[in-house]
Structures are given as C-alpha cells and as structure tokens.
Amino acid sequence: MPALVGPIMLNRIRDAAVFKVGDTFSLSPKSQDESSVGAGALNTGDFIEIENVFTITNFEDSDIVDQPNTFNF
1 MPALVGPIML NRIRDAAVFK VGDTFSLSPK SQDESSVGAG ALNTGDFIEI ENVFTITNFE
61 DSDIVDQPNT FNF
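Residue numbers (our numbering): 1 to 73.
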C-alpha cells in the first residue's frame, strides 16, 4: 500500500545515517557502533525518575566482527 507522506522537517543528518520516507523494502546501515553504559544512562523522555542503587557495567567483546556492513550500498 502506498504511503502518504506529509511535511518533513529534517534538522540534521550525518553521513552514516539512514533516512526513510514512505514505503521501504529494506534499510541498510552504512556503519555500526557498540557501546556499554550503566543502568538508566540511555533513558529518554519527559519526567524520568531513575533510582539506581547499585550498577556495574561489564563490557567484554570476544568476537572480532559483530555484524559486517560489507554489502550495504
């Protein structure tokens, strides 16, 4: 089913971003990243209340490549 797209306001988009408008068969990211943060560090929204009494972030990545993007054009 065709998509009806209304007004779009795009403030900023970086070189590795994927911008989708309307119908899309597949999205192919151009880069990948991996991060390790503590409990509640990436929460977003209005009126967030976070109570972390104890947090430990153990980051161990034993593999060399998580997901290659070799054939993403």
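Heads up, some of the hints might be wrong.
[To be verified] What follows is a set of in silico ranges between Cβ atoms, one per label pair, in the way DEER data are often shown: (1) Pro7 - Gly40: 30 to 38 Å; (2) Glu51 - Leu4: 22 to 30 Å; (3) Glu60 - Val21: 34 to 42 Å; (4) Ile50 - Asp23: 21 to 29 Å; (5) Gly40 - Arg14: 37 to 45 Å.
Treat the hints as calculated values from the structure; they're not laboratory data.
The beta carbon of each residue, even a glycine, is placed where N, CA and C say it ideally should be.
Here's how the hints hold up against the structure:
1. Pro7 - Gly40: 30 to 38 Å: holds, 35 Å
2. Glu51 - Leu4: 22 to 30 Å: violated, 43 Å
3. Glu60 - Val21: 34 to 42 Å: holds, 39 Å
4. Ile50 - Asp23: 21 to 29 Å: violated, 38 Å
5. Gly40 - Arg14: 37 to 45 Å: violated, 26 Å
Violated hints, listed in ascending order, are 2, 4, 5; each of the other numbered hints is respected by the structure.
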